[in-house]
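Start from the sequences, fold in the hints, and give me the full structure.
Residue numbering for the sequence shown follows the working numbering, beginning at 694 and increasing consecutively.
Think of the hints as simulated: they come from the structure by calculation, not from any bench. Note that CB positions come from ideal geometry on N, CA and C, so glycine has one too. Be aware that one or more of the hints could be misleading.
Claimed, not checked - With a Cα cut of at most 20 Å, we get these calculated DMTMM-like pairs of lysine to aspartate or glutamate:
no. : residue 1 : residue 2
1   : Lys934    : Asp971
2   : Lys828    : Glu730
3   : Lys738    : Glu815
4   : Lys960    : Glu1022
What the hints assert, rightly or not - Pairwise CB distance ranges, derived in the manner of DEER restraints:
no. : residue 1 : residue 2 : range
5   : Lys828    : Gly986    : 43 to 51 Å
6   : Val858    : Glu730    : 26 to 34 Å
7   : Val864    : Lys842    : 47 to 55 Å
8   : Ala786    : Val763    : 48 to 56 Å
9   : Ala735    : Val763    : 35 to 43 Å
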Amino acid sequence: MTSDLFGLVWLVVLLAGNAFFVAGEFAVLSARRSQIEPRAEAGSKRARTALYAMEHVSQMLAIAQLGITVCSLLLLLMAEPAIHHMLAVPFEALGVPDAASYVVSLVIALILVSFLHVTFGEMVPKNFAVSVADKAVLLLAPPLVLLYKVFMPIIWLLNTFANLVLRMFRVTPRDEVISTFTLDELESIVAESKRGGTVTDEAGIIAGALEFTEHTAAEIMVPVDELVTVPRDVTPKQVEKAVGRTGFSRFVVDSEAGGYAGYLHLKDVMALPETAADSPIPVTVVRSLGNMGTGDDLDTCLAAMQSSGSHLARVIDEEGATLGILFLEDVLEVLVGEIHDITQARDSRRQHSVDPG
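Pasting the structure below:
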């Protein structure tokens, strides 16, 4: 009787051990670095240990699988016989033949142990770890890492052999959980989050950001045949009239040698003295244009325009010919949606004809 009770105690202990290793395995695989790293940077020892576990996932899986295997085998060796013997006693008392009693009690014991093992040793801890992975990894990673360090020689041997088998099938082993996603994967995550109601994107900002790099300068530029510029000798008064008619605050300036000399920004023209209202705008006020290739994606264009401080850029082909002008506002509108400039009289992505008059 004492040995049977001892077997039941082992049943509870081994189920708990199995649950720990299962939960630890799924927690390390499911936790997000973005949630753990800030805590580690704030000085949390548990978070630093959790990051270590996530960066050595192959070793953590090895110690978890070793623990699960040992616990499962001990359940069969120690807990199952105890339950089998306890069930056999009442059958014998009822006068059931020994052979039948043995078989029936054995089957019931196996079913009961299997049910407890799958339910409380596997499914419950797995669902717990997946549901609260970020919290679970902080709780379970420290003892898991400690066990790994204690049994490091065994884990190294098992892990090395497993990696050799993987390489035989031309699979590259990984020691760290992959926390990066492709653009298609991000779009799928956002779409699924919107369907589930956890993310709203009524303005289309998230969708625009994900599609941002898919667009090129040639797609967003204003072609030269749609762009009417101001002459090189335009005066501040003429620019003022042009702003009043179009609502635009930036105008491309023609070059005397052909092509474009740069562009004018309204605030630079307004800073000129009133005495210069009817005089040609000085060349020092004309801002320079950047240069973009037709195939440059908008991410590259935005970075270059931000770096140079230029709001407008030429879009040139492989031979150096200007095909159009790229406006910074148009680039940003692809990212965040329509921008309503207070200087704009009407909505437009394109620069329309300007007659300075």
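**OP:** Could you check the hint for me, namely that Lys828 and Gly986 are 43 to 51 Å apart, CB to CB?
**Re:** Holds: the Cβ-Cβ distance is about 49 Å, inside 43 to 51 Å.
**OP:** Assess, step by step, whether the Cα of Lys738 is no farther than 20 Å from the Cα of Glu815, and give holds or violated.
**Re:** Between Lys738 and Glu815 the Cα gap is close to 28 Å, so the pair fails against 20 Å, i.e. violated.
**OP:** For the range 47 to 55 Å, tell me whether the beta carbons of Val864 and Lys842 fit it or not.
**Re:** Violated - the Cβ-Cβ distance for Val864 and Lys842, about 27 Å, lies outside 47 to 55 Å.
Original post:
Regarding the pair Lys828 and Glu730, is the alpha-carbon distance no greater than 20 Å?
Top reply: 13 Å, holds
Subject >> Proposed proximity, Asp971 with Lys934 (alpha carbon, max 20 Å) >> reply: 12 Å, holds
**OP:** Given the range 26 to 34 Å, decide if the beta-carbon distance of Val858 to Glu730 lies inside it.
**Re:** 33 Å, holds
**OP:** Given the hint that Lys960 pairs with Glu1022, test it: the Cα-Cα distance must not exceed 20 Å.
**Re:** 16 Å, holds
**OP:** Take the C-beta atom of Ala786 and the C-beta atom of Val763, compute their distance, and say whether it sits inside 48 to 56 Å.
**Re:** 36 Å, violated
**OP:** Confirm or reject the claim that Ala735 and Val763 have a C-beta distance inside 35 to 43 Å.
**Re:** 36 Å, holds
Checked against the numbered hints listed earlier, the structure breaks hints 3, 7 and 8; every other hint is satisfied.
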